[in-house]
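**Student:** Take these sequences, add in the hints, and give me the full structure.
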Amino acid sequence: MTSLPALPLLRRTLYLLRVARFRGPEGVAHVLVLTLLSLSVWLVLLFGRSWFWRADQVLPAAEPPEDWPAVAVIIPARDEAETIGRVVQRHRQSGYPGDLRIFVCDDHSSDDTAEKALAAKGQHEVEVVPVPDLPEGWSGKLWALQAGLDRAAEVMPDASYVLFTDADIKTETSLLEKLVAAAERQDLALTSIMAELNAKARWGKLLIPAFIFFFQKLYPFPAVNNEKRQMAAAAGGVMLVRREALEAIGGLDAMCGALIDDCTLAAKIKGTGRKIGLYLSTSFAEAISLRSNESYSSMEKMVARSAYTQLGYSPLALAGTLIGMVLVYLVGPGIFLTLPFHGQGTAALVGLIVWIAMAIAYWPTLKRYGARKGRAFDLPLAALIYAWFTWLSAWRHWQGKGGQWKGRSYPSSKPS
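The numbering of the sequence shown is this note's numbering, which starts it at 789 and goes up by one.
Hints should not be assumed to be uniformly reliable.
Derived pair list, reagent style DSSO-like, types lysine-lysine, alpha-carbon separation capped at 27 Å [unchecked claim]:
id, residue 1, residue 2
1, Lys-1161, Lys-1005
2, Lys-1155, Lys-988
3, Lys-909, Lys-1005
4, Lys-1005, Lys-988
5, Lys-1016, Lys-1161
6, Lys-1189, Lys-1089
7, Lys-1005, Lys-1016
8, Lys-988, Lys-1063
9, Lys-1016, Lys-1063
10, Lys-988, Lys-1189
11, Lys-1005, Lys-1089
12, Lys-1155, Lys-1089
Cβ pair distances, simulated, as ranges [what the hints assert, rightly or not]:
id, residue 1, residue 2, range
13, Pro-920, Pro-857, 23 to 31 Å
14, Glu-854, Phe-1165, 45 to 53 Å
15, Arg-1160, Arg-874, 44 to 52 Å
16, Gly-1038, Ala-850, 27 to 35 Å
17, Glu-1032, Thr-1070, 24 to 32 Å
18, Lys-1016, Leu-922, 21 to 29 Å
19, Glu-1032, Leu-834, 36 to 44 Å
Hints in this document: simulated from the structure, not taken from any laboratory.
Beta carbons: idealized from backbone N, C-alpha and C, even for Gly.
**Tutor:** What follows is the structure, encoded as structure tokens:
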């Protein structure tokens, strides 16, 4: 399942293994260099990447504010009848003491999404907002959010915060209080938590913890939460945004075509000098995705939809990423496991050390999902599959089918 740009490196690696076996010191040196290079990368990841792998950035407890600001909850929904009722009911049952209103933005659903949303019971008001036809240059989700913002501006003009959340994210009834309290006490313009994804099925167990690990590696949460660092990211499932901060960046119009809208929003807000916070949830009940992640295809669609977008649609970045994943995740374990083939004990030992370092880094994230310690050694396999997903993302973009989601494609969108 390895993608084409990575094949030359794999062929070269196998060649070096044969050289090491049959051609003496030169081959031994080359194989050892590969494993030492992989080890050096892991030393940097372990000690020079803001300790991202500790997975210890959770939403901090904060004293409640004296006055609770008004909040508009905006939920974009397109064919979400399966989950929207449970999601809206949790928001309606929220114990939030301030003014709260829920806007479900029905984006031309072909099922009974709107009816299920209105049937949800609770104390807070809910309104279904029909989303207008998608205009040129907008991504579907952002256009749905814009419809909710427009309606909220009409009926809640004094709302200080907007909670952007997904139609499949079920939250505990106290979450909004925690988010607002943290935002008020820490003066955060954007407060986001990464919902727990379902990892109960076979593919979910293998790929979901790895997805969270890769996201933390790409966007180290400690660096995101450091106002002196430029690193910015958010988790789109749960984002509490100050309305004035959103207006300061020009609103959603300033990023209307973005497919990775959460990280784009975070970068724009932090770019104005405001503070942002990105956290892991403190418990599975705090915020959890209702999507099953049971099948290979569901995981493939989730990742392939935006992976090439993340790389800026650059073939060079794609090649570098895939080769990098081979070097970082596959070389060490591969050389260790192929010891009988090449017979180089020193290189195999270094490869084993690389694999152990990888497992040590992976374990704190994996532990959050109740996995056995031995599964920490599955990361190379997960990385290989994600490399394949990344290649598929690029291939579909080249075929004019990039960014497919909910029946829409965005083949030519560029990151904002």
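**Student:** Run the distance test for Lys-1189 versus Lys-1089: straight-line Cα separation, threshold 27 Å.
**Tutor:** With a Cα-Cα distance of about 12 Å, the restraint between Lys-1189 and Lys-1089 holds, given a limit of 27 Å.
**Student:** Please work out if Lys-1155 and Lys-1089 have their alpha carbons no farther apart than 27 Å.
**Tutor:** Distance ~25 Å between Lys-1155 and Lys-1089 Cα, so the pair holds.
**Student:** Is the Cα-Cα distance between Lys-988 and Lys-1063 27 Å or less?
**Tutor:** violated, 35 Å
**Student:** Quick check on a hinted range of 24 to 32 Å for Glu-1032 and Thr-1070, using CB atoms only.
**Tutor:** Given range 24 to 32 Å: holds, Cβ gap about 28 Å.
**Student:** Is the hinted range of 36 to 44 Å satisfied by the C-beta distance from Glu-1032 to Leu-834?
**Tutor:** Check passed, 40 Å falls within 36 to 44 Å.
**Student:** May I ask you to test the hint 23 to 31 Å on the CB atoms belonging to Pro-920 and Pro-857?
**Tutor:** Check passed, 29 Å falls within 23 to 31 Å.
**Student:** Quickly compare the C-alpha distance for Lys-1016 and Lys-1063 to 27 Å and report which way the hint goes.
**Tutor:** holds, 9 Å
**Student:** Lys-1161 and Lys-1005: Cα distance at most 27 Å?
**Tutor:** holds, 20 Å
**Student:** Go ahead and decide if the range 27 to 35 Å is satisfied by the Cβ distance of Gly-1038 to Ala-850.
**Tutor:** Since Gly-1038 and Ala-850 have Cβ atoms about 29 Å apart, the given range 27 to 35 Å holds.
**Student:** Holds or violated: Lys-988 and Lys-1189, Cα atoms, limit 27 Å.
**Tutor:** violated, 30 Å
**Student:** Quick one, are Lys-1005 and Lys-988 close enough, alpha carbons at most 27 Å?
**Tutor:** Holds. Lys-1005 to Lys-988 sits at ~23 Å (cutoff 27 Å).
**Student:** Is 21 to 29 Å respected by the C-beta to C-beta distance linking Lys-1016 and Leu-922?
**Tutor:** violated, 39 Å
In summary, the numbered hints that this structure violates are 3, 5, 8, 10, 15 and 18.
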